[in-house]
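Line by line, the protein sequences are chains A and B.
Going by my numbering, the first residue of the first sequence is number 2, and it counts up by one from there.
Going by my numbering, the first residue of the second sequence is number 583, and it counts up by one from there.
Quick caveat, the hints were computed from the structure, so don't treat them as lab data.
One should not assume that every hint holds.
[Claimed, not checked] Examples of chain B residues toward chain A, derived with CB under 10 angstroms:
1) Lys650
2) Ile651
3) Glu674
4) Leu825
5) Phe827
6) Gln830
All figures in this text were calculated on a predicted structure; none of them were measured in a lab.
Here a beta-carbon is modelled for each residue, glycine too, at the ideal position from N, C-alpha and C.
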Amino acid sequence: MQKLKYALAPSLGLLIALPIFALFIYFMIQGNVSVANFHASELLLYAKNTLFILLGAAFLVLLLGISTAFMSARFEYTGSRFFTLAFVLPLSFPAYIIGYTYVGFFEFHGILSTLLGLPKFKLDILTIYGVIAILSFAMFPYVYILARVSFASISSTVVELVSLKQLSPLKAFWSVYLPLAYPAIFAGLVLSLMEVLSDYGTVAYFGVDTFSVGIFKSWFGYGNLKEAINLSMMLLVVVFGLMFGEARLRAKFRFISSTHSAKKAAKIKLKGWRNVMIFMLSLLIATVTLFIPLGVLLYWFYLDFHTLEWETFGYLYRTLSLNGISSLCIIALAFMMVYASRFYPSRWGVLSQKLSMLGYSIPGAIVGIGILLLTNFIDQSLGKVVLGGSFVALVFAYLTRYFAASIGSVENGFSKIDKSIDDATKVFGTDEFERIFRVYLPLMRPYLLSGFLILYIDLAKELPATLLLRPFNYDTIAIRIYELASNEILYKSAFPSLLLVGTTAIAVLLLNSKFVRGRR
Amino acid sequence: MKRGISFLQMIVGLSLAVSMAFASTEVNVYSHRHYDSDKALFKAFEEKSGIKVNVITAKAEELVSKLKIEGANSPADMLITSDIGNLYEAKEEGLLQKIDSKVLSANIPAHLRDADNEWFGLTKRARIFVYNPEKLSEKELGSYLDLSDPKFKGKILTRSSSAAYNKSLLASIIANHGEAKALEFAKGLVANLAREPKGNDRDQIKAVASGEGDLAIVNTYYLGVMLNSKDPKDVEVAKSVKLYFPAQNAEGAHINISGAGVTKYAKNKENAMKLIEFLSSVEAQTLFAEANHEYPANPAVKASGTVATFGAFKEDTLPLSEVGKYNKKAVEVATKANWR
Numbered sequence: 002m003q004k005l006k007y008a009l010a011p012s013l014g015l016l017i018a019l020p021i022f023a024l025f026i027y028f029m030i031q032g033n034v035s036v037a038n039f040h041a042s043e044l045l046l047y048a049k050n051t052l053f054i055l056l057g058a059a060f061l062v063l064l065l066g067i068s069t070a071f072m073s074a075r076f077e078y079t080g081s082r083f084f085t086l087a088f089v090l091p092l093s094f095p096a097y098i099i100g101y102t103y104v105g106f107f108e109f110h111g112i113l114s115t116l117l118g119l120p121k122f123k124l125d126i127l128t129i130y131g132v133i134a135i136l137s138f139a140m141f142p143y144v145y146i147l148a149r150v151s152f153a154s155i156s157s158t159v160v161e162l163v164s165l166k167q168l169s170p171l172k173a174f175w176s177v178y179l180p181l182a183y184p185a186i187f188a189g190l191v192l193s194l195m196e197v198l199s200d201y202g203t204v205a206y207f208g209v210d211t212f213s214v215g216i217f218k219s220w221f222g223y224g225n226l227k228e229a230i231n232l233s234m235m236l237l238v239v240v241f242g243l244m245f246g247e248a249r250l251r252a253k254f255r256f257i258s259s260t261h262s263a264k265k266a267a268k269i270k271l272k273g274w275r276n277v278m279i280f281m282l283s284l285l286i287a288t289v290t291l292f293i294p295l296g297v298l299l300y301w302f303y304l305d306f307h308t309l310e311w312e313t314f315g316y317l318y319r320t321l322s323l324n325g326i327s328s329l330c331i332i333a334l335a336f337m338m339v340y341a342s343r344f345y346p347s348r349w350g351v352l353s354q355k356l357s358m359l360g361y362s363i364p365g366a367i368v369g370i371g372i373l374l375l376t377n378f379i380d381q382s383l384g385k386v387v388l389g390g391s392f393v394a395l396v397f398a399y400l401t402r403y404f405a406a407s408i409g410s411v412e413n414g415f416s417k418i419d420k421s422i423d424d425a426t427k428v429f430g431t432d433e434f435e436r437i438f439r440v441y442l443p444l445m446r447p448y449l450l451s452g453f454l455i456l457y458i459d460l461a462k463e464l465p466a467t468l469l470l471r472p473f474n475y476d477t478i479a480i481r482i483y484e485l486a487s488n489e490i491l492y493k494s495a496f497p498s499l500l501l502v503g504t505t506a507i508a509v510l511l512l513n514s515k516f517v518r519g520r521r
Numbered sequence: 583m584k585r586g587i588s589f590l591q592m593i594v595g596l597s598l599a600v601s602m603a604f605a606s607t608e609v610n611v612y613s614h615r616h617y618d619s620d621k622a623l624f625k626a627f628e629e630k631s632g633i634k635v636n637v638i639t640a641k642a643e644e645l646v647s648k649l650k651i652e653g654a655n656s657p658a659d660m661l662i663t664s665d666i667g668n669l670y671e672a673k674e675e676g677l678l679q680k681i682d683s684k685v686l687s688a689n690i691p692a693h694l695r696d697a698d699n700e701w702f703g704l705t706k707r708a709r710i711f712v713y714n715p716e717k718l719s720e721k722e723l724g725s726y727l728d729l730s731d732p733k734f735k736g737k738i739l740t741r742s743s744s745a746a747y748n749k750s751l752l753a754s755i756i757a758n759h760g761e762a763k764a765l766e767f768a769k770g771l772v773a774n775l776a777r778e779p780k781g782n783d784r785d786q787i788k789a790v791a792s793g794e795g796d797l798a799i800v801n802t803y804y805l806g807v808m809l810n811s812k813d814p815k816d817v818e819v820a821k822s823v824k825l826y827f828p829a830q831n832a833e834g835a836h837i838n839i840s841g842a843g844v845t846k847y848a849k850n851k852e853n854a855m856k857l858i859e860f861l862s863s864v865e866a867q868t869l870f871a872e873a874n875h876e877y878p879a880n881p882a883v884k885a886s887g888t889v890a891t892f893g894a895f896k897e898d899t900l901p902l903s904e905v906g907k908y909n910k911k912a913v914e915v916a917t918k919a920n921w922r
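Work the whole structure out from these sequences, hints included.
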């Protein structure tokens with residue numbers, strides 16, 4: 002029995018990575034790793050652009066994510082409650098929709114030129130810098146959501162120490178608060194960057210050749226799916242390497258603050274010019290990441306108001322029901338996995354946890370192909386169609402693709418639980434299930450909820466895997482948005498996009514409410 | 583957690599039961615077209631025939647890959663794509679089957695359908711020029727090949743060569759004029775570009791209107807959609823440019839198709855055939871034409887009001903299988919010419 006428990010984490014990791022293995026086996030069976038349709042110079046260009054975008058996005062995501070998280074977790078200022086919600090919402094836009102809205106905002110005869118009364122004015126944002134900005138606006142909330150929980154749980158003891166040592170606010174931020182939130186920030190950054198890496202819609206529209214454009218060029222251009230898989234596998238090897246590098250780096254930064262044994266530090270009430278400054282900064286960030294895209298969508302919705310389609314609520318219902326079940330399954334598995342790796346650690350567990358995260362860094366359509374290969378193999382072995390075209394296949398795809406999105410916050414939460422609590426529960430001989438339900442789940446609640454929220458939003462806008470794997474006639478709201486946007490009737494995509502953002506807002510409000518958070 | 587799984591099982595079971603109940607009176611469609619007009623057409627067909635239409639939409643390449651991986655397990659009876667390249671590919675991969683239909687032979691002209699009757703065109707889209715009448719006159723324009731003339735330096739706009747419409751255009755040039763000429767064309771085109779290819783067709787039209795370039799290669803129906811847009815600025819932009827049908831003294835304007843075929847392992851072959859026949863009928867073709875400003879494939883049906891104002895033109899009647907044949911070659915040529 003005890004031995005079986007040690008096998009739990011590795012087998013979960015293997016299960017989640019199965020579609021990746023299916024791709025890998027397919028890749029091995031072909032027996033060649035050629036990417037014959039590409040010149041070295043072309044691949045080099047892809048690598049160069051991808052790296053540039055990753056670095057740019059990393060910088061901007063950290064800047065936006067950390068500043069918003071710190072402001073909203075540590076200070077009380079004019080509008081702070083509102084901004085706490087506003088900083089999450091950009092995550093609910095599919096990135097390419099933010100791209101479209103910005104084009105609509107800055108283009109010739111666009112919204113800004115009309116507002117300014119300058120008919121000739123336009124700003125070309127279809128550049129690599131535009132890609133960095135758009136993807137960062139769409140992804141920074143990952144860092145915000147995760148880091149805010151960390152900053153908010155800083156204990157009063159730490160704050161007292163800072164004031165005893167008479168550290169300047171800046172020094173205190175760099176040397177005390179930032180390191181404390183490091184695991185969370187890093188988890189958020191990894192999520193953002195992996196999603197940047199797998200983005201296809203935005204970069205293709207903006208005309209920037211990245212690695213994922215290369216993957217789709219071999220698939221869609223040369224009709225060579227095998228080569229597309231080859232390229233994806235190359236990408237995976239690089240990501241896998243980076244993950245291990247990061248794990249070593251992170252080991253150096255492992256901090257334990259006994260957040261749960263001490264009182265949480267109170268927020269600082271800002272007054273005077275500090276209040277004005279922080280308010281202006283928040284307003285600026287919210288404007289570029291939320292108000293402009295939202296405003297453009299509202300304008301488009303206004304243009305199309307009288308053709309409002311009630312059927313859109315049907316899409317929404319399908320999104321929410323599929324999404325709720327999938328998110329719950331995924332977050333539960335993430336909890337099991339991290340719990341098992343903490344109490345029954347093994348080398349295989351560490352490895353398989355990294356494996357389970359890989360699905361996040363390759364384009365969702367390729368993960369979808371992995372699922373197709375896998376489910377078709379199983380169906381063929383069974384001699385009848387059981388999995389193909391079923392919800393199980395789709396939920397499995399979500400699991401493989403988005404496991405990384407949930408495990409970050411769960412890991413971060415566990416890292417905040419002092420090992421002495423583990424020892425205490427063992428000493429008192431508490432039974433395993435009791436231990437989970439009475440100790441760890443309650444302690445983990447904010448982290449599980451933020452993980453659930455990220456998953457919920459991610460799944461609601463998920464497109465490529467849903468497109469490929471959903472059962473007949475089961476169109477989600479993201480699919481509806483995509484249909485309208487790809488027909489180049491942008492204003493029509495406004496209503497479903499707004500509905501999507503609306504449900505996210507409700508989810509965020511619920512999670513922030515006392516009802517969910519309980520007494521905390 | 584437990585409840586989640588049992589609920590899932592319920593959904594799976596239910597959908598299986600439902601699909602079994604409809605087994606003989608349904609047709610399963612994989613479609614790359616995702617227009618609301620298509621949904622309306624499927625509904626009309628359901629009411630008329632009593633056959634339920636089940637649809638999955640995705641990108642054509644994905645649907646073809648899906649069909650390939652699923653093999654005999656595939657639930658799909660019918661494939662609809664919005665360009666010839668993928669339809670041709672599906673046939674080449676042995677994913678379609680021959681259907682004999684007098685209705686289709688009568689409704690769809692020969693150059694818009696497969697010689698072996700494995701696929702049939704349903705709508706036509708002409709790939710044409712949109713130009714700024716303040717910068718260029720109609721007299722200066724000619725065929726596609728003329729776009730490589732240095733006089734257009736810094737004036738031409740187009741989206742990426744990986745867009746299916748550009749691929750098929752280039753493939754048609756290879757088929758009409760040979761690979762060497764096509765490469766020369768592509769190189770000349772790239773040298774004449776006003777900016778790196780990016781954005782969609784709508785963005786190219788906007789860039790012509792803004793003066794970023796003088797001429798763009800686009801599909802007619804995007805102009806039709808913009809002229810009928812609820813956004814007054816779109817209408818303004820679309821009205822400020824002019825449309826030109828190229829190659830009128832040569833092979834004619836290149837046309838691409840949306841088309842359909844019955845899949846090789848179709849379990850509801852008869853129903854799929856009935857649906858394609860319906861989509862080629864005057865009733866359905868009229869809706870295709872009116873709703874999305876495409877040209878109907880059935881010659882008995884007239885173009886929509888907006889499209890009719892574009893005027894009559896000579897179209898390239900090169901059999902589309904020839905275009906399909908050179909689709910991959912076109913990607914190679916575009917890559918050689920650095921057309922991103």
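Which numbered hints fail: 4, 5 and 6
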